[in-house]
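Residue 41 in our numbering sits at position 41 of the sequence shown; the count goes up by one each step and never skips.
These are computed hints drawn from the structure, not numbers from a lab.
Possibly wrong hints are sitting among the right ones.
As the list claims (entries may be wrong) - Once the Cα atoms are required to be at most 30 angstroms apart in a straight line, the calculated DSSO-like pairs of lysine-lysine come out as:
1) Lys81 <-> Lys13
2) Lys54 <-> Lys113
3) Lys123 <-> Lys13
4) Lys123 <-> Lys76
5) Lys113 <-> Lys123
6) Lys81 <-> Lys128
7) Lys113 <-> Lys76
8) Lys13 <-> Lys54
9) Lys54 <-> Lys128
10) Lys76 <-> Lys128
11) Lys113 <-> Lys13
12) Lys13 <-> Lys76
13) Lys13 <-> Lys128
14) Lys81 <-> Lys54
15) Lys54 <-> Lys123
Said to hold, decoys possible - Pairwise CB distance ranges, derived in the manner of DEER restraints:
16) Gln60 <-> Pro32: 19 to 27 angstroms
17) Arg104 <-> Glu125: 39 to 47 angstroms
18) Ala73 <-> Ala101: 36 to 44 angstroms
Heads up, the beta-carbon is just placed ideally off N, CA and C, and yes, glycines get one too.
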Amino acid sequence: MTESEAWAYIESKPGWIALSTNGHDGFPHTVPIGYFVSEGNIFIGCLDQTQKVKNIERDQRVALTLESGETMADIKGVLIKANARVIRNDVERLAISQLAARQRGITETDLPKIVRPGSVYLKAEPVKIISWDYGNN
1 MTESEAWAYI ESKPGWIALS TNGHDGFPHT VPIGYFVSEG NIFIGCLDQT QKVKNIERDQ
61 RVALTLESGE TMADIKGVLI KANARVIRND VERLAISQLA ARQRGITETD LPKIVRPGSV
121 YLKAEPVKII SWDYGNN
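Let's have the full structure, built from the sequences with the hints guiding it.
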């Protein structure tokens, strides 16, 4: 895939994204999770103090994998290498929450007015995107 095709694929949200962080024991910690894209960044909402949050605080390097397809002819996907940070600031979290709601089609009057207690956002800023599309070979 070209870079623009890869971004179109990422933004199409074909499924859950797999977030891999670096665990304290040196092993990867990978979890499937929902996401959305804004201005070339991947945003993930989650609860604070989870293992993924602790891992990102220790090491900002993450990998995000998204794939789809069921046969060799239609398998495609992306691997995004990124630097991530945890967002706890209430003003930033509310702005991100409202952005996510707008992307889901929520009207301005129904946008969130407060943030969920105990929640954070992860912001992953891509460094490199690797993509594949076996249907185009």
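Comparing the hints with the structure gives:
The suggested pairing of Lys81 with Lys13 holds, with an alpha-carbon distance near 18 angstroms, which does not exceed 30 angstroms. Between the alpha carbons of Lys54 and Lys113 the distance comes to roughly 27 angstroms, so the proposed pair stays at or under 30 angstroms and holds. With a C-alpha separation of about 17 angstroms, the suggested pairing of Lys123 with Lys13 holds against the 30 angstroms cut-off. Between Lys123 and Lys76, the direct Cα distance comes to roughly 24 angstroms. Compliance with the 30 angstroms bound is thereby established for this hinted pair.
A C-alpha spacing of about 21 angstroms is found between Lys113 and Lys123, which places the hinted pair at or below 30 angstroms, so the restraint holds. A hinted pair counts as satisfied when its Cα atoms are at most 30 angstroms apart, and Lys81 with Lys128 qualifies at roughly 5 angstroms. Distance restraint check for Lys113 and Lys76: the Cα-Cα separation of roughly 38 angstroms exceeds the 30 angstroms cut-off, and the hinted pair is therefore not satisfied. For the hint pairing Lys13 with Lys54, the CA-to-CA distance comes to about 26 angstroms; that is within 30 angstroms, so the pair holds.
The suggested pairing of Lys54 with Lys128 holds, with an alpha-carbon distance near 23 angstroms, which does not exceed 30 angstroms. Taking the CA atoms of Lys76 and Lys128, the gap is near 17 angstroms; set against the 30 angstroms cutoff, the hint holds. A threshold of 30 angstroms between alpha carbons decides the hint, and for Lys113 with Lys13 the separation of about 26 angstroms falls inside it, so the pair holds. For the hint linking Lys13 to Lys76, the alpha-carbon distance of about 13 angstroms falls within 30 angstroms, and the restraint holds.
About 19 angstroms separates the Cα atoms of Lys13 and Lys128, which keeps this hinted pair within 30 angstroms; it holds. In summary, the hint linking Lys81 to Lys54 is supported, as the alpha carbons are separated by about 18 angstroms, within the 30 angstroms threshold. The suggested pairing of Lys54 with Lys123 holds, with an alpha-carbon distance near 14 angstroms, which does not exceed 30 angstroms. Separation of Gln60 from Pro32 is about 21 angstroms and conforms to the stated range, judged on CB atoms against 19 to 27 angstroms.
Look at Arg104 against Glu125: about 23 angstroms separates their beta carbons, and that is not inside 39 to 47 angstroms. The hint said 36 to 44 angstroms for the Cβ distance between Ala73 and Ala101, and at roughly 37 angstroms that hint holds.
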